[in-house]
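Asks: Please build the complete structure, drawing on both the sequences and the hints.
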Amino acid sequence: MPLIPVLCPYCGAGCRLGLRVEDGRAVGVEYLTDHPVALGALCPKGNVAHEIIGHPDRLQRPLVRENGRFRETDWDEALSRVAQNLSRIRQEHGPDALGFLASAKATNEENYLFQKLARLLGTNNVDHCARLCHAPSVVGLRRALGSGAMTNPIPDLAESRCILIIGSNFAENHPVVARWVWEAKDRRAFVVVADPRYTPTAHMADLYLPLRPGTDVALLNGMAAAVLREGLADYGFIAARTEGLEGLRAVLEEYSLEKTAAVTGLPPGDILRAARAYARSPASAIVYCMGVTQHTVGTDNVLACANLALLCGQVGRPGAGIFPLRGQNNVQGASDMGALAELLPGYVSVANEEGRRRLARLWGREDLPDAPGLSVVELMEAALEGRVRAMVVMGENPVVSDPASGETVRALEGLEFLIVQDLFLTETARLAHVVLPTACWAEKSGSYTNTERRVQWSPKALEPPGEARPDLAIIGELGRRLGLWERAPGPEEVLAEINRAVPAYGGITPQRLTSASEGVFWPCPDPAHPGTPILHRERFNTSSGRGRFFPVAHRLPPEAPDARFPLWMTTGRVVVHYNSGSLSRRLPELAAYAPEVWVAVHPQDAERLGIRDGETVRVRSLRGEVEARVQVSDRVQPGLVFLPFHFPGVNALTLKELDREARIPSYKVAACTLERVAPPAEEG
Amino acid sequence: MGREILLRPERCILCYACEVACAREHGGQRNVWVVSADGGGVPVLCRHCESAPCIAVCHTGALVREGNGIWLLPERCTGCELCLWACPFGAVGLDLEGKRAYKCDRCAHREEPACTLTCPSGALTYRCVADFAAWRRAVAGREWAAGLERRGL
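Chain order of the listed sequences is A and B. Just so we're aligned: 316 in this note's numbering is position 316 of the first sequence, and the numbers increase by one with no gaps anywhere. With positions in the second sequence counted from 1, the corresponding number in this note's numbering is that position plus 1000.
None of these hints come from the bench; they were simulated from the model. Don't be surprised by glycine CBs; every beta carbon is placed ideally from N, CA and C. Some clues are possibly wrong.
With the Cβ distance kept under 10 Å, some of the chain B side facing chain A (calculated, not the full set) [as the list claims (entries may be wrong)]:
| hint | residue |
| --- | --- |
| 1 | Leu-1014 |
| 2 | Ala-1023 |
| 3 | Glu-1025 |
| 4 | Ala-1133 |
| 5 | Trp-1135 |
Replies: This is the structure in structure tokens:
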């Protein structure tokens, strides 16, 4: 029985699993112990990844919606409708009336071809869910260090002597990272975890900092200020490798321990302890994730992390680096491939004339659209206002994952034409005019880039069900019908073009990648280059070659508890589910652990509100409401409630306010209230 | 010396991968239970005790000791549940449909237990006791040396 070594479709850790295929069916998974990050391990989701493949809900035929109902059709009719409608709307209203949502789950080749299609049609309205997760890393970390990507590989954490984990719950969301942090702990590393919730990750901490929601800049500034006051800054590193310290010093002056403690709600002694440990250790790491990025001050938060790391010289060496943990299996790749409204492949700004024209020439054109396009949330706003009239959604489920998702539903319902490509009839697909059935990750080959910048190839293991096709084939055929190219290219062919379009991928050729069992770390500019596991070893990728300090100040979130909505609300994830739940909620092996949405409430709040564990309450914000079962838990702070967003409706409550630079919405803080729901009437 | 499933429970991150893997390997019935305690977790599974209470109470010889483990022979099991009562760890389950007890068999049908291979944090390990103890000693030794160093010794 063959064992095909495919990548795991879930998170950005990029684990590999051996898929057992029997008679063209996926029947089980095996553990591949030579994978450098996972060492064969799989989280619960990976353990039943095979169950998605043959799931009875898999879409097998194209669907068109007529008179409010879906009917099956063939590819010719489906694609013909898509091409005709996109052409017509483009003709009548201009290319910017089109919107394209790429997929952080699709391959590099698919994302590259998708954004190429959008741009050749004349619009930069192509974006994807990186906007909702690590856009502040793309913007902020790129500004400070020259690159928005994770600086060191995951196993490198074992070399750290102090690990500051802020706004990351990797124990649930990137479980294999836990092993490497434990290896560091076994060598006496000091682990600090900053999170308003006491998560399984917080349980690993030697020092736990339960900061108030939305006070990350204050904490990081407070730590940096303490480092300066105690004379613990790495002045040698600062002199040789950075610029802008004086500006930072000026802003940090007001961040005394007392002020920082007052803002964050943390004991001043703990802030000092964290600062000393981080600065003094011979190699320190900062691990951050959504708790840092998903704020209106997400970019500021990221810059504050970078400031601290540069101040202490903790970047560019084994064990010393900044680790933004990318969530999706290919969100790094989708971003690298330019599926972003303001960035072309390789992070070339659309406003960069030279870079833009170089790409245009590669594509056989003089030039490409130069105005930044609409990002994910802006696309929905434009759809609501009728400025965007058609959208192609590839492997994303914005109805569940967008902030203020009630508006997303109205926006999509109002579109003249909506196309959705997906494995299942998701909440978003139900609103489409045409639904195209896609092959899943195991049914196509292609490259994916994990959170470490490690590019890996995943081979095709079996045929897709029914008439489902890989996204690459769909985009390829669509582009052909739209007159953009002569024929649909295969994955190796597209990768070869990526080698020419994206310098960091220059040497990651199909031949090399398909035989590289541990993948290749970009940047890898040419085939002879070994790849780059650790960034910034000698120079930063900024124009000056130096890391840059960008002072930031604590700013209040756009919404805070008040008389009407007296509680902080935050959202997050749990280990058995994955994002919008379109995969995990379909698998009873996983869903049984968390079959329905709940709201975690601190015992003090529960008592004050007179609500009991297990009771159903209505959680309500200015934007929407959802019913959830109460879980009385001391893992949240008093005054803060938590909801997992894997269930439809939770995001109806979240804030659409955007970080002004990265355009990421503020998922992590909002104000809400809990209302008791009348018990159901007794059955007669 | 034979390998056993040995735990470093402080590493448990409550991810339930072991439960899901075990269930998959055993037709939907898992032999390991992750118990949540004080923010951390402990996977509880059969310890294959040297002097086993479950064997002592079994009246049909369905539980036997062989090599370094205890094996349950379903065809001899009457589902009386005495082993379930006797196990001090609660590591024996009862299949209500088939009316048979079940417990960890160290994945006898595989080369290595699925739980130890899948554990993302390295809490569940498949080692012989000597290796495992040596591991622990190495970590402890570093701790003590650092402590002694701090005291100037």
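Asks: None of the hints should be skipped; say for each whether it holds.
Replies: Hints, verified against the model:
1. Taken as an interface hint, Leu-1014/B checks out: its beta carbon lies about 5 Å from the nearest beta carbon of chain A, inside 10 Å.
2. Checking Ala-1023/B against chain A: minimum C-beta separation of about 7 Å stays under 10 Å; hint holds.
3. A distance limit of 10 Å between C-beta atoms decides the matter here; for Glu-1025/B the minimum to chain A is near 9 Å, and the interface restraint holds.
4. Interface hint status for Ala-1133/B: violated, as the beta-carbon distance to the closest one in chain A is roughly 15 Å, over 10 Å.
5. Hint on Trp-1135/B holds. Least Cβ distance to chain A is approximately 9 Å, under the 10 Å limit.
Figure legend: structure checked against the earlier numbered hints; the only hint not met is number 4.
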